[in-house]
Every structure is written in structure tokens, then in C-alpha cells.
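Undergrad: For reference, the chains in residue letters:
2 protein chains.
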Amino acid sequence: MSMSFKELMKVLGLGAVALVLGVEWLNWLMRRLRDSRGPLKEVLFFPSPQVCVEHLFIRHKHFPCACPLPHGVETSFSRLLVHLLSARMSLDLCVFSFSHMELSRAILLLHKWGVVVRVVTDRDYMTITGSQIGALRKAGICVRHEMSSAVHMHHKFALVDGRKLITGSLNWTLTAVQSNKENVMVTEEPELMGPYQQEFQKLWEANDPANHKPQCTNEQLNIKTCKDG
Amino acid sequence: MSMSFKELMKVLGLGAVALVLGVEWLNWLMRRLRDSRGPLKEVLFFPSPQVCVEHLFIRHKHFPCACPLPHGVETSFSRLLVHLLSARMSLDLCVFSFSHMELSRAILLLHKWGVVVRVVTDRDYMTITGSQIGALRKAGICVRHEMSSAVHMHHKFALVDGRKLITGSLNWTLTAVQSNKENVMVTEEPELMGPYQQEFQKLWEANDPANHKPQCTNEQLNIKTCKDG
Chain A
1 MSMSFKELMK VLGLGAVALV LGVEWLNWLM RRLRDSRGPL KEVLFFPSPQ
51 VCVEHLFIRH KHFPCACPLP HGVETSFSRL LVHLLSARMS LDLCVFSFSH
101 MELSRAILLL HKWGVVVRVV TDRDYMTITG SQIGALRKAG ICVRHEMSSA
151 VHMHHKFALV DGRKLITGSL NWTLTAVQSN KENVMVTEEP ELMGPYQQEF
201 QKLWEANDPA NHKPQCTNEQ LNIKTCKDG
Chain B
1 MSMSFKELMK VLGLGAVALV LGVEWLNWLM RRLRDSRGPL KEVLFFPSPQ
51 VCVEHLFIRH KHFPCACPLP HGVETSFSRL LVHLLSARMS LDLCVFSFSH
101 MELSRAILLL HKWGVVVRVV TDRDYMTITG SQIGALRKAG ICVRHEMSSA
151 VHMHHKFALV DGRKLITGSL NWTLTAVQSN KENVMVTEEP ELMGPYQQEF
201 QKLWEANDPA NHKPQCTNEQ LNIKTCKDG
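Top line first, the protein sequences correspond to chains A and B.
Sequential numbering of the first sequence, starting at 1, is according to the UniProt record's numbering.
Sequential numbering of the second sequence, starting at 1, is according to the UniProt record's numbering.
Everything labelled a hint here was simulated from the structure, so no lab data went into it.
If you're wondering where the values come from, they're calculated on a predicted model, not measured in any experiment.
Keep in mind that a hint or two might mislead.
The list makes no distinction among identical chains, and a pair is therefore deemed to hold if it is satisfied within one copy or across any two copies.
To be verified - For lysine to any residue, the following SDA-like pairs were computed, each having C-alpha atoms within a straight-line distance of at most 20 angstroms:
hint : residue 1 : residue 2
1    : Lys41     : Pro195
2    : Lys202    : Ser76
3    : Lys41     : Val51
4    : Lys6      : Arg163
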């Protein structure tokens, strides 16, 4: 028994409607389930074992990674990467020391995807050996640093899409990730997220080179740090 | 018109009952109000301006403090002290660097009040100039340190009465409190508090000197660090 074209279209149309409704219903269910647990709260402890995180960077990879590290293992570091790479609109990063290559790769990738990345960092640690700040600036990412040389910008937090807070003791260095005892908390709790977002904005504006004396103009600092970093 | 003894006792009895009921009702109301806002969540940013915190240490002070610092001002640092001094049963502290005199005074006071204090700290930073770890040990507070010399115990968190988590970027030093850009979060959110309590227990047990080689027995380490600290 063959189906007429009209009948086929009817079945396909109904199928499409059912699919859309089903997906919407699933979404609603997921939201309800999530709301009942409250906003996201996740705690990560370090050191994190070394595993392959290549699949997190290359979204549609059809071949398996050939590196000698363990594959398909979730670690504190891979969770941190997942949260960072979940950014779709903006990433505000406030970090004392930033030399971790894979974290740098993640930030550069977000920038390439069109995510608006803003970085506030420490003045002294910006130019130490291995600092990734120069690489970020070269790629066109806006970086500001603590203006006072007597004060350390010691925060280690990130804000994903103005919604998700990532904060803790972890500097963005290989030693911190692979050796040290460290903690990172990830939360979408508005009461916690909000004050950090305000603090970021405050630091961003306070360290705008345009508001400071001519001996440290944005341009001069950019050139200097890009060369050093 | 004079009141008989029986009448007086009746009035006093009813008064006492009314007082107890009133206090209970107020308690219930406070709990309801608090529950509606969810568990405590507070974010503190540093540097914190220098103010007098003497009143936090001496509970029943009848004379005003004569020090030249501003009085009656609440700051991030005074809030941190209030939260620490709210401990009634236990304080578990995991801190990389500890040289702040007033924070040391707070911990020693808690110990004096009978609060069970346990401290895990970094091996290298334990004996640097100004470290308060020696003072804590001399007072009889249990201190353990990261056993490996290749690894930094970089956490900066405290657990008050197994209920309140205090965590952030802030080391317990004067520079951190008075100069640096730092953050501290205080929360009673069980989903955040729980993992930190487990991590503390893990570190406490992993760094038990009894489980390590004889060249670093508890006794030897205690003597060494007390002299140095």
C-alpha cells in the first residue's frame, strides 16, 4: 500500500510538530529539575591528573587523539575547561598569574569564536617568564593590569556570560593545576555571582589606562607587555 | 494596695512564660525570614581599610578603646573576624601563608574558649619570618603541614562549626588584608560547604605525621617549627 504525497506531508508535518513539542517539553522538564536543585554549584579540587583534553577544543573531531595521555577521563581540570569553554557571549577574567598553555588556548579560542574577553591581571606577574598575557594581547584581547606597583591583584576568578562564577585559590599556572593543593568553585548563585561581577567592573574601570598619567598610556603598556610577554 | 505573695508569684510566673514564648516566637520568625533568603551567602573584597576591631575580641568591654583608628566601622576584615569568632565548637583552617597578628589572636582566643582548632598549612611558608604557625603550636593548637616539599598547600579556606565555609584568594597576611585586591566568600550553602569539609578531612589524614617516615615525626617537626615560628 503506497502513501500519497499529501498523506506523506501530513505525517511529516505532524512528526515535526511532535518533535518540536517533545524537545520543548524535555527542556521544560530539565529546567524544572534544575530549578529544584537550585543554581549550579560545583567544587573542584586540585592537583588534577594529566589527561587528554583535546576533544574539548576540537568540537567535531572525527579521529581519535593519538597522544599518550589517558582519554575519556573527566578531571577537575577538564571540568574547569568545560565551564570556561561554555562561554557564548562574554568572559571576564581576573587572574594574578597566567602561564598555563591550555587555559591560554581556551581563552584564545573563545576570542576567535567572537566571545568578548576582558582580562584584569597583576602588574608584576604579567611579564614573568611563561606569562600568556602577551599572547592574549597579540591576539587582540583587551587586557588591563593593576596600576599600582605596590599592590597585587591577587584575585583568581572568571565570569562566564555574566552568569557563571568560577573562583578559588587556583592561579592559571601548570604548577597550580598539576601539583598544588587548590580549590575552585563554580556557581550560578546570583547572590555570589553578582558581587564578583561588580568587583570586576570596578577593577576594569579603575585600571583603565586612559584615566592614568601619560607615562603609562595604554599604547605604551601594550607595546611593552606584548614584547615582554 | 499591696499584692499578696501568691499574687506576686502568679504575675512573675506568667511573665516568665510570656517571655519564653516571646523569645521562641522571635526565634521562629528569624528562622523563617532567614530560610526564605536561603543559606548565608556573603562576599567580602579586600583591601580592607584599617579600623579598630578591639570590640570583637573583648566581649564585655565597658570602656571605649583609646586607639587612634576609626571606631564603630564595619569593614571586610571586621566581617571576616566576626565570622571566625562565631565558632563555638570547631574551626578547621587550611591556609597557605599565615602571618596576620589579629587573625592569629582570633584563633588563639577560639582555642582558649575551648573551640577545637585544626590547622593545615604549607610546609615552606610555615617557617618564614612572621609566620604565626609557631605561636599556634606553642598554645597547643594541632597544626599539620603538607608533607611533600615539592607541593604547595595553596588553599585559603576555613570551616566554622562544620557549617560555615570561608574561602577565597586571601592569604592570612597583613599585605593581603590591607593592600592586595582579594576576595573572600562566606557561605552556609551545604552543597559548597560539604566538599570543602571532605577535602579538609582528606588533607588532615594524609598529612598525619604518624603515617610518615621517622625522619619527619610529629615531635621533631613540632620542635623545629615552634623554634622557627
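Undergrad: Now look at each hint and say whether the structure bears it out.
TA: These are the hints, each one checked on the structure:
1. Proximity of lysine 41 and proline 195 under a CA criterion of 20 angstroms is satisfied in both settings, with 16 angstroms inside one chain copy and 11 angstroms between copies.
2. For the identical chains of this complex, lysine 202 and serine 76 are inter-copy neighbours only, at 16 angstroms across copies versus 30 angstroms inside a copy, given an alpha-carbon limit of 20 angstroms.
3. When the C-alpha separation of lysine 41 and valine 51 is checked against a cutoff of 20 angstroms, the pair qualifies neither within a copy, at 24 angstroms, nor between copies, at 34 angstroms.
4. Taking the shortest alpha-carbon separations for lysine 6 and arginine 163, neither the intra-copy value of 47 angstroms nor the inter-copy value of 66 angstroms comes in at or below 20 angstroms.
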